[in-house]
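Residue numbers (this note's numbering), protein chains in the order written: chain V, 123 to 434; chain W, 618 to 967.
Calculated from the structure, these hints are not laboratory results. One thing to keep in mind: the hints can contain errors.
Straight-line distance between alpha carbons at most 30 Å, and here's what the computed DSS-like set of lysine-lysine pairs gives [claimed, not checked]:
| id | chain 1 | residue 1 | chain 2 | residue 2 |
| --- | --- | --- | --- | --- |
| 1 | V | 349 | V | 280 |
| 2 | V | 280 | W | 752 |
| 3 | W | 674 | W | 726 |
| 4 | V | 175 | W | 853 |
| 5 | W | 825 | V | 175 |
| 6 | V | 344 | V | 211 |
| 7 | W | 752 | W | 826 |
| 8 | V | 211 | V | 175 |
| 9 | W | 826 | W | 674 |
| 10 | V | 345 | V | 425 |
| 11 | W | 853 | V | 425 |
| 12 | V | 211 | W | 853 |
| 13 | W | 853 | W | 678 |
| 14 | W | 853 | W | 752 |
| 15 | V | 339 | V | 349 |
Bear in mind the structure is a predicted one, so any value in this text is a computation, not a measurement.
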Amino acid sequence: MAAYVIRRLWQMIPTLAGVILLIFFLFNWVGGDPAQVLAGKISNPEQIANIRKQLGVDQPYWYQLWVFVQQVFTFDFGRSWSTNEEVSKILLTRVGPTLTIMVPVLVIETMLAVAFAIMVAYVRGSLTDRTIMVICTTAMSISFLVYIIFAQWLFGFKLGWFPVQGWSESFSRNLLTYAPLPVMLAIFVGLAPQLRLYRSFFLEEINQDYVRTARAKGLPEKKVMMKHVLRNALIPILTNIGIYLPGLFVGSFLLEVFFSIPGLGREIVTAVNRSDFPVIKAVTVYLAMLTMFINLLVDVLYKLVDPRVSFK
Amino acid sequence: MSAVLPKHIPVVREASPGLWALAWRRLRGDRVGMVSLAVVVAFLAMMLASYAGILAKDWNKERGVSYANPAFLAGAENLEAKEVTHKDFGTQAKPVDLSDIDPLAPRYKEWEERAAKIAVTEVKRAETLPFGGDKWGRDVLEKAIKGSEVSIFVGLTAALFATIIGTVLGALAGYWGGRVNDFLEWFYNIFTSIPYILLILAFAAVFKKGLDTIIVILALTGWTGIYRLVRAEYIKHCGREYVKAAQAIGASHFSRMFVHILPNASHVILVQLSQHVVGFIKAEVILSFLGLGVPVDMVSWGTMLAEAQNELVIGKWWQLVAAGASMAFLVTAFSMLTDSLRDALDPKLK
Numbered sequence: 123m124a125a126y127v128i129r130r131l132w133q134m135i136p137t138l139a140g141v142i143l144l145i146f147f148l149f150n151w152v153g154g155d156p157a158q159v160l161a162g163k164i165s166n167p168e169q170i171a172n173i174r175k176q177l178g179v180d181q182p183y184w185y186q187l188w189v190f191v192q193q194v195f196t197f198d199f200g201r202s203w204s205t206n207e208e209v210s211k212i213l214l215t216r217v218g219p220t221l222t223i224m225v226p227v228l229v230i231e232t233m234l235a236v237a238f239a240i241m242v243a244y245v246r247g248s249l250t251d252r253t254i255m256v257i258c259t260t261a262m263s264i265s266f267l268v269y270i271i272f273a274q275w276l277f278g279f280k281l282g283w284f285p286v287q288g289w290s291e292s293f294s295r296n297l298l299t300y301a302p303l304p305v306m307l308a309i310f311v312g313l314a315p316q317l318r319l320y321r322s323f324f325l326e327e328i329n330q331d332y333v334r335t336a337r338a339k340g341l342p343e344k345k346v347m348m349k350h351v352l353r354n355a356l357i358p359i360l361t362n363i364g365i366y367l368p369g370l371f372v373g374s375f376l377l378e379v380f381f382s383i384p385g386l387g388r389e390i391v392t393a394v395n396r397s398d399f400p401v402i403k404a405v406t407v408y409l410a411m412l413t414m415f416i417n418l419l420v421d422v423l424y425k426l427v428d429p430r431v432s433f434k
Numbered sequence: 618m619s620a621v622l623p624k625h626i627p628v629v630r631e632a633s634p635g636l637w638a639l640a641w642r643r644l645r646g647d648r649v650g651m652v653s654l655a656v657v658v659a660f661l662a663m664m665l666a667s668y669a670g671i672l673a674k675d676w677n678k679e680r681g682v683s684y685a686n687p688a689f690l691a692g693a694e695n696l697e698a699k700e701v702t703h704k705d706f707g708t709q710a711k712p713v714d715l716s717d718i719d720p721l722a723p724r725y726k727e728w729e730e731r732a733a734k735i736a737v738t739e740v741k742r743a744e745t746l747p748f749g750g751d752k753w754g755r756d757v758l759e760k761a762i763k764g765s766e767v768s769i770f771v772g773l774t775a776a777l778f779a780t781i782i783g784t785v786l787g788a789l790a791g792y793w794g795g796r797v798n799d800f801l802e803w804f805y806n807i808f809t810s811i812p813y814i815l816l817i818l819a820f821a822a823v824f825k826k827g828l829d830t831i832i833v834i835l836a837l838t839g840w841t842g843i844y845r846l847v848r849a850e851y852i853k854h855c856g857r858e859y860v861k862a863a864q865a866i867g868a869s870h871f872s873r874m875f876v877h878i879l880p881n882a883s884h885v886i887l888v889q890l891s892q893h894v895v896g897f898i899k900a901e902v903i904l905s906f907l908g909l910g911v912p913v914d915m916v917s918w919g920t921m922l923a924e925a926q927n928e929l930v931i932g933k934w935w936q937l938v939a940a941g942a943s944m945a946f947l948v949t950a951f952s953m954l955t956d957s958l959r960d961a962l963d964p965k966l967k
């Protein structure tokens, strides 16, 4: 096990190097001269040269790359180009609100999706099953934007059940007052695709021989579904959650933009609009690292769920 | 030997149906699939008609009053729908008299006379439009048709490019294996270790805005799933006998990859293409909404939704419905068509 983890960590190095190269290529090469953007319309060559020197973009590329690598490992990306706030501070303060929204979303959504999926898979082919599947397909094809615009108008503006938007300093107030509407929206939208996917996972298991054996030896249906089918279907479900996890930190940036939640997602959208490269670079690198670790974690978790899995 | 065999055994040469003929036959039997195909084709025809200038040519003309009611709600009260005419600009309150210090003051008289000579034709604006109007009195139905042009075009081209990139890289990795595979897998790992939406936004940050940029961004970030599937297909097919036979008769590597194996993987690619069109249409709408997409002088479903957000508060729901419904309609049909395509092309499934 330890050997496996170490080997996996070792294998991350080339990927991480690739991510750093890709981001460097994008922002320092494709992105063009940031001084032109920052100096604005009224500028003279002297000013631009000054800014270039300040940002270090007058240095050769290999040196800039070296600086970038140092930034990644010292967690010091300097200051934001537009607000002059420290990038590390921006990241740390924005993670909280995003997780306040996304952790409840993940927990509730997964539980609901698994519960509904096992029920629908059990009555597969029936009218209930087909109706739910059609509803899912239709619900999935309406843009997330339409749901948000409509729900914000209906529940926030018209009915006044929830604040239209906002955020406070207190965690409990955020969780109980500001978070419910965005959380419900995210669950409502995320449920349909997950339900469809998990249903197919369950169907795959239900048709296996071991299920027939379990029934043949007289196990009650409840035990067959909950103990045999559910445990086996957990493996692909776990993989799927693993794929979703890194996205948790970007949050649903659309929700954050609409509901003025000061989270990472909104920060990124703002940074993209302002060409605030240090912020985007930092977020991208660290989320890529996080994704790699989560993937490793999921692979280790497999072992716990499924004793057949061996660490090759 | 008295029994003489007939010289010619009449051979019944009925060409056995190929993969595509069989798939088409199965698809035709699928009622849901055919209906969705019809809807998708109708949308494509609408998009082409709008591109050719047959439909919605005058979408940019401000023909109605501001926020004109839809025709079926003609009687409803509409406070915002006041006539905006050129006269309004003249009846504004007189500005403070600055003629003493205003260097242009002596010339105002002359300009007024000159302006009076130009005939301004007052266009009578319609009180209602078939499906309502937007802030500038443009018909939202025509806007939705014009918007389909951008959204569908972006979805189709981006999906096509992403599929080409994914297929070529997947074919290379799966066919050659070894170093090539290692290198491309490394590349794949890099792209997939960055959350997808973040990757799109990072690309959007460095490129200039525009229609072609969206297509490039979506294609450059969206090829990974197709790459993986095509690679798996190629690994599977590489050792098969027909490929060995092709090698024996002297088919080149290129010919084996793209003439022999590709048609056998094409059903996977087609389903992926169809799936990506749906995904990219949705992505374009969101990017345009965020202002990272189409320029302001163009209309897409995303920019319509962006306007609709503020209109809903004052009770003007028609733009939201027009853009949201046309998109939902197309996307539902396209997803169902994709499912039917998959069933038709891969009968082993189910």
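Now for the hints, and whether the structure bears them out:
1. 349/V to 280/V: violated, 46 Å
2. 280/V to 752/W: holds, 22 Å
3. 674/W to 726/W: violated, 40 Å
4. 175/V to 853/W: With a Cα-Cα distance of about 54 Å, the restraint between residue 175/V and residue 853/W is violated, given a limit of 30 Å.
5. 825/W to 175/V: Satisfied, since the Cα-Cα distance of roughly 24 Å is no more than 30 Å.
6. 344/V to 211/V: violated, 51 Å
7. 752/W to 826/W: OK: residue 752/W and residue 826/W at ~25 Å, within 30 Å.
8. 211/V to 175/V: Holds: residue 211/V and residue 175/V sit about 24 Å apart, inside 30 Å.
9. 826/W to 674/W: Satisfied, since the Cα-Cα distance of roughly 25 Å is no more than 30 Å.
10. 345/V to 425/V: holds, 23 Å
11. 853/W to 425/V: holds, 28 Å
12. 211/V to 853/W: violated, 50 Å
13. 853/W to 678/W: Between residue 853/W and residue 678/W the Cα gap is close to 57 Å, so the pair fails against 30 Å, i.e. violated.
14. 853/W to 752/W: violated, 57 Å
15. 339/V to 349/V: Holds, because 14 Å separates the two Cα atoms, which is no more than 30 Å.
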